[in-house]
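My request is simple: use the sequences and hints to build the entire structure.
Here the protein sequences line up with chains A and B, keeping their order.
Using this note's numbering, you'd call the opening residue of the first sequence number 1 and step up by one each time.
Using this note's numbering, you'd call the opening residue of the second sequence number 1 and step up by one each time.
Keep in mind the hints are simulated off the structure, nothing from the lab.
Just to be clear, a hint being listed does not mean it is correct.
Unchecked claim - Some, not all, of what chain B presents toward chain A, calculated at C-beta under 10 Å:
no. : residue
1   : A20
2   : V41
3   : P206
4   : K267
Quick caveat: nothing in here was measured; it's all calculated off a predicted structure.
Even glycine gets a Cβ: it sits at the ideal position worked out from N, Cα and C.
There are 2 protein chains.
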Amino acid sequence: MSQTVFSNAETFRPNAPVPAPRFAGLPRLNFVYGHNDPEQVPAAELADCAAKVLAENGHLLGMYNLGQAPQGHDRLRQFVADKLGKRSGIRCASDDVLITSGSLQAMDLINALLVGPGDTVILEEFTYGGAITKVQKLGARVVGAPLDEGGIRMDRLRAILEELRSEGVRPRYIYTIPTVQNPTGSIMDLGRRHELLALSREFGVPIFEDECYADLVWSGERPPALYGLDPERVIHIGSFSKSLAPALRIGYVVAPWDVLGRLVASKTDAGSGALEQMVVAEYVTREFDRHVDALRAGLGAKLAVLVDAIEREFGTAAEIFHPKGGIFLWLKLPDGVDVRSFAQAALDQGLAFNPGPDWSCDPEAAKSHMRLCYALPSEGVIREGVAELARISFEHTGVPARSANRARA
Amino acid sequence: MSQTVFSNAETFRPNAPVPAPRFAGLPRLNFVYGHNDPEQVPAAELADCAAKVLAENGHLLGMYNLGQAPQGHDRLRQFVADKLGKRSGIRCASDDVLITSGSLQAMDLINALLVGPGDTVILEEFTYGGAITKVQKLGARVVGAPLDEGGIRMDRLRAILEELRSEGVRPRYIYTIPTVQNPTGSIMDLGRRHELLALSREFGVPIFEDECYADLVWSGERPPALYGLDPERVIHIGSFSKSLAPALRIGYVVAPWDVLGRLVASKTDAGSGALEQMVVAEYVTREFDRHVDALRAGLGAKLAVLVDAIEREFGTAAEIFHPKGGIFLWLKLPDGVDVRSFAQAALDQGLAFNPGPDWSCDPEAAKSHMRLCYALPSEGVIREGVAELARISFEHTGVPARSANRARA
Chain A
1 MSQTVFSNAE TFRPNAPVPA PRFAGLPRLN FVYGHNDPEQ VPAAELADCA AKVLAENGHL
61 LGMYNLGQAP QGHDRLRQFV ADKLGKRSGI RCASDDVLIT SGSLQAMDLI NALLVGPGDT
121 VILEEFTYGG AITKVQKLGA RVVGAPLDEG GIRMDRLRAI LEELRSEGVR PRYIYTIPTV
181 QNPTGSIMDL GRRHELLALS REFGVPIFED ECYADLVWSG ERPPALYGLD PERVIHIGSF
241 SKSLAPALRI GYVVAPWDVL GRLVASKTDA GSGALEQMVV AEYVTREFDR HVDALRAGLG
301 AKLAVLVDAI EREFGTAAEI FHPKGGIFLW LKLPDGVDVR SFAQAALDQG LAFNPGPDWS
361 CDPEAAKSHM RLCYALPSEG VIREGVAELA RISFEHTGVP ARSANRARA
Chain B
1 MSQTVFSNAE TFRPNAPVPA PRFAGLPRLN FVYGHNDPEQ VPAAELADCA AKVLAENGHL
61 LGMYNLGQAP QGHDRLRQFV ADKLGKRSGI RCASDDVLIT SGSLQAMDLI NALLVGPGDT
121 VILEEFTYGG AITKVQKLGA RVVGAPLDEG GIRMDRLRAI LEELRSEGVR PRYIYTIPTV
181 QNPTGSIMDL GRRHELLALS REFGVPIFED ECYADLVWSG ERPPALYGLD PERVIHIGSF
241 SKSLAPALRI GYVVAPWDVL GRLVASKTDA GSGALEQMVV AEYVTREFDR HVDALRAGLG
301 AKLAVLVDAI EREFGTAAEI FHPKGGIFLW LKLPDGVDVR SFAQAALDQG LAFNPGPDWS
361 CDPEAAKSHM RLCYALPSEG VIREGVAELA RISFEHTGVP ARSANRARA
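As structure tokens, then:
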């Protein structure tokens, strides 16, 4: 084809991405992305809810935001406020809740408000990959706060804050996933939450709290959200992607009006999809607790299958971080293994996992780690996938040398 | 309240907006925003469609994008491609269609790809207010191309392009709403469309074509879309907001892969709401043509009421731009009138209209204009609202001096 205005790179901004590859279908053995369990989507109940809300209030779709506040559908915001009160120790009114098109839109809006080129942001050393790339795309520097099984190590965080202060740098925020941390699956205990808030106060740094997985804690028990402990210095986000269905794009932000009002002013998309908000409001008002209990049980069973398969196929070669809830498992192979050495080969054979480096502020620090998401694959696919993973890993790295108590050749 | 991290302006980026005001409800006499006619939302049919697609495919909501391509729901993209073929003279495949969360997300993604600080963009002199503010927010300069009843004046556009070239400036794009122009309601004829494409070729400037209102042409007849005439230099966007319901956030982009693939790579929101896409795909596949015919008839009737009310209340003081379709009417009061002098007073009395300056690249050039949206208000509200408008305008400007053939005092 001849040169066109769009084949000329100068037509685009210097930072424009290259075109995405054409979609070639999902991998057969799929352990990536926050998919949920399709068999646990309450399709029949959602159908009933949709029919009801459309029959009763479908005409409201003729108005942007159903003619309601730009924060989103009244009834859904009220449910979120009530749920956060009951489950997360947060006291807020429905007007303090902004519904977003998934929690990713919330992250984009919050980043646009707080982060620019040359800024510094503190993330957990291992964290959601999108949280890293979104900040980097804005030209900001990422500093990773070390984690242990209890979440952020506060002594190390203090040292980071002090060092940045000595450089004259005030970080734009500390981003944390305190309740079912992504990817380690830990829960920050109450003591550390108070320590974190004290550091936030001392250094004048806002906290950006992401609780997308908090409704999926195995024990059902968790400390109050950071926002619940101190609403004046925390921006809280959550989602129904993990507790209901990810293709329904419904996330939310709770924050003081100094923040929320600016997010409302920045959200120039004329509102998030109102039909999804109406249907979800109806469903969760009826069924949320019961649904989440059943979902947790199902996910727990899949996790047990995954752990069993890893132990069988990898034996002592795999260090498993047992998650306290959620949909993913973080594991570590021996130090000599670089999972990037076989990630593409695995993908070519229909097996996808998240290489640790994509989920780490310092990629090299997680070269032997990987994240396996287990909500989507069936138990059979989990077993087959882990066996394939061991086979491919062994081919490229010699690890695991033994599977199911037999030496690999 | 004591000083908190969020009451400190330094917490936010320098360009962050101030907090939005709290929502106080819609104005009673509401002639703003692209609302549709609530009575024309096919609520019962949408309920039936929702129940069907959820019963059949609700489990797919467990996967981001329903497990389909990142461009959006297969079936909806196929409908868009077929519709554009039938109605707009566009030949494209479903893979050339990207579903967005309303056309506003499409605009944001396209602007992010093409426009940055210091750039220049050509818009129609009177145009969608959001198109102006979005570009200005990116730090770019807006140049308005003069319009007449046939759309952009090509002689004047050539002069602008030549002048910019002499300054060494290549505009990032020419944004046009060729079919039911917002706000003038004109349709660009085929000859001018070819001239516009020739200018695009000669000056190497892409065209950004917005056809959000194109399915609502009174006559049902319109020239081919610019994209249909030359897909190599046009980015085409459209929406179901105006043809179905604005609270369903479903827009779309059609563009060559050099553009679309970059938009897909830029769209990091994990997909637009899939339930809305499924429901709309089912509905439009069944009913689109029939629905749009009925909607047009209803909107045409409301327009007739509006025109009659304006003629009655304003007489010769109002110059009406009779729209060829759509949901809004542009009108002009005598040159001495500045509609900004009574816009706030009207709002305080529950009457909202779009002051011309908000819809104009050069605000002063439209100080005597206003845009009245007529899809939402009932016929009674239209009559009452226009009478109120005349009364308030007279109070502040002395225009119109006569209403219903009687002198105002």
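Would you settle whether the hint for B:V41 is holds or violated, based on the nearest Cβ-Cβ distance to chain A being less than 10 Å?
5 Å, holds
Does the CB of B:A20 sit less than 10 Å away from some CB of chain A?
4 Å, holds
Identify whether the interface hint at B:P206 stands, where standing means a beta carbon of chain A within less than 10 Å of its own.
Cβ of B:P206 sits 5 Å from chain A, so the hint holds.
For the hint on B:K267, does the least C-beta distance to chain A fall short of 10 Å?
9 Å, holds
Hint compliance for this structure: no hint is broken.
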